[in-house]
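Participant: Chain order of the listed sequences is A and B. Counting from 1, one number per residue, gives the positions in the first sequence under our numbering. Counting from 204, one number per residue, gives the positions in the second sequence under our numbering.
Treat the hints with caution; some may be incorrect.
Below are the SDA-like pairs computed for lysine to any residue, each with C-alpha atoms no more than 25 Å apart in a straight line [said to hold, decoys possible]:
#, chain 1, residue 1, chain 2, residue 2
1, B, 215, A, 133
2, A, 133, B, 311
3, A, 141, B, 285
4, A, 141, B, 320
5, B, 215, B, 233
6, A, 61, B, 318
7, A, 168, B, 242
8, A, 61, B, 334
9, A, 168, B, 215
10, B, 215, A, 48
Think of the hints as simulated: they come from the structure by calculation, not from any bench. Remember, it's a predicted structure, so these values are computed and weren't measured experimentally.
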Amino acid sequence: MLPILNKEHLSVLPEKLQEVIYSELDECGQGETYLRVDNFLPQTIDELLCDIENILSDVPKKIKKRTFNITVELIQNINLHATTSAPGHLSKYEKFGFYILCKMTNFVTRITTGNFVDKAVKNDIEYYLRYLKGLSAKQMKDLYFKIFELNHNYKGGGGLGFIDIAKKTNNNFNFKFINYNLELYLFIFNATVSIEKNKVYGQ
Amino acid sequence: MDSNALKILEIKATNKTPYIKFDPNMGVLELRGRSIPENAVEFYKPLVEWLDKYAQDPKDKTEVNVQLEYFNTSSSKCILDVFKKLEDINKKPDKEVVINWYYEEDDEDMLEAGEDYQSILKIPFKMIEMEE
Numbered sequence: 001m002l003p004i005l006n007k008e009h010l011s012v013l014p015e016k017l018q019e020v021i022y023s024e025l026d027e028c029g030q031g032e033t034y035l036r037v038d039n040f041l042p043q044t045i046d047e048l049l050c051d052i053e054n055i056l057s058d059v060p061k062k063i064k065k066r067t068f069n070i071t072v073e074l075i076q077n078i079n080l081h082a083t084t085s086a087p088g089h090l091s092k093y094e095k096f097g098f099y100i101l102c103k104m105t106n107f108v109t110r111i112t113t114g115n116f117v118d119k120a121v122k123n124d125i126e127y128y129l130r131y132l133k134g135l136s137a138k139q140m141k142d143l144y145f146k147i148f149e150l151n152h153n154y155k156g157g158g159g160l161g162f163i164d165i166a167k168k169t170n171n172n173f174n175f176k177f178i179n180y181n182l183e184l185y186l187f188i189f190n191a192t193v194s195i196e197k198n199k200v201y202g203q
Numbered sequence: 204m205d206s207n208a209l210k211i212l213e214i215k216a217t218n219k220t221p222y223i224k225f226d227p228n229m230g231v232l233e234l235r236g237r238s239i240p241e242n243a244v245e246f247y248k249p250l251v252e253w254l255d256k257y258a259q260d261p262k263d264k265t266e267v268n269v270q271l272e273y274f275n276t277s278s279s280k281c282i283l284d285v286f287k288k289l290e291d292i293n294k295k296p297d298k299e300v301v302i303n304w305y306y307e308e309d310d311e312d313m314l315e316a317g318e319d320y321q322s323i324l325k326i327p328f329k330m331i332e333m334e335e
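Only chain A is shown next, with the shape it has when bound in the complex (with noise of 0.2 Å):
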């Protein structure tokens, strides 16, 4: 069934998962939009990273390279941290989640992510990126510096991929959590690319 590379295609995930992909795609307007979901294991990664590089072969250097460092760290993201429990006939994929790209215009990219996450985490995480969206660039400087001398593990850097993600986006980013099931949440993260400065800090 996967990988899902067109919207023809979702109609064989279950309908509330539909609704919150086709919501997210609406929200690219006329702007050329890449779609993939799939299990995110290393090789589904690579290859969508491949594609990704040949839809930004055209914009900025700049916007390329902070839209590829962000995919990065999002879809690594879902490869460790997704829950391995998804709902339904999807709980045979490992990492299930989906990515969508939205190129704007060729100066201004959308990215979106959306994996399903266990409840006993989903507080962790909103209370984490809640805290990063009310830091000055200042204070984001500083989480960033004290996380960063931190030991760390193969599971990442405790945090240190949406603090860089906030710092490529000026702070650019919004999530939410869809309560999927008494279990789960889908946690949808975006994240807009833009050469202008968007001083969003601390708001």
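With chain A held as given, fit chain B onto it using these hints.
Facilitator: Same frame as chain A, now just chain B:
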């Protein structure tokens, strides 16, 4: 221990990992390409271990050339571990380490990343802009 006893460390680049070469006879470390592996700790482990051996009898001057196109946050922490090993060498009497941090023209993110390392570490950094 004679540093000449150490063999050259060379790791070929992949689409997710950088080219690494450390010639102990020349005292030159090259790190080039992209560093976005899922498991950066595992990837950088051979270099970190190799540096521990090199640090026992380093050259008077060690030059480090870092020219990265992309790196993920997991790699950024591993690169910090590598630099900390080099910082220890730089603290030794009559030993010097210089890090040449290359970044593409207008790549303010890569320049900032280099400056972040520079602000944490006590090693001379040279920021070198490359024209396209």
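Participant: Evaluate each hint against the coordinates.
Facilitator: How the hints compare with the structure:
A threshold of 25 Å between alpha carbons decides the hint, and for residue 215 of chain B with residue 133 of chain A the separation of about 40 Å lies outside it, so the pair is violated. The straight-line distance between the Cα atoms of residue 133 of chain A and residue 311 of chain B is roughly 22 Å, inside the 25 Å bound, and the hint therefore holds. A distance of roughly 22 Å separates the Cα atoms of residue 141 of chain A and residue 285 of chain B; the hinted pair therefore holds under the 25 Å criterion. The hinted pair formed by residue 141 of chain A and residue 320 of chain B meets the criterion: a straight-line CA distance of about 13 Å does not exceed 25 Å.
With a C-alpha separation of about 11 Å, the suggested pair residue 215 of chain B and residue 233 of chain B falls inside the 25 Å cut-off, and the hint holds. Of the supplied pair hints, the one linking residue 61 of chain A and residue 318 of chain B holds, its CA atoms being roughly 21 Å apart against a limit of 25 Å. Between residue 168 of chain A and residue 242 of chain B the CA atoms are separated by roughly 22 Å; this keeps the pair inside 25 Å, and the hint holds. Between the alpha carbons of residue 61 of chain A and residue 334 of chain B the distance comes to roughly 13 Å, so the proposed pair stays at or under 25 Å and holds.
Restraint check: the Cα-Cα separation between residue 168 of chain A and residue 215 of chain B comes to about 29 Å, which exceeds 25 Å; the hinted pair is violated. Using a Cα cut-off of 25 Å, the hinted pair residue 215 of chain B and residue 48 of chain A holds, with the two alpha carbons roughly 22 Å apart.
Against the hints set out earlier in the document, violations occur for numbers 1, 9.
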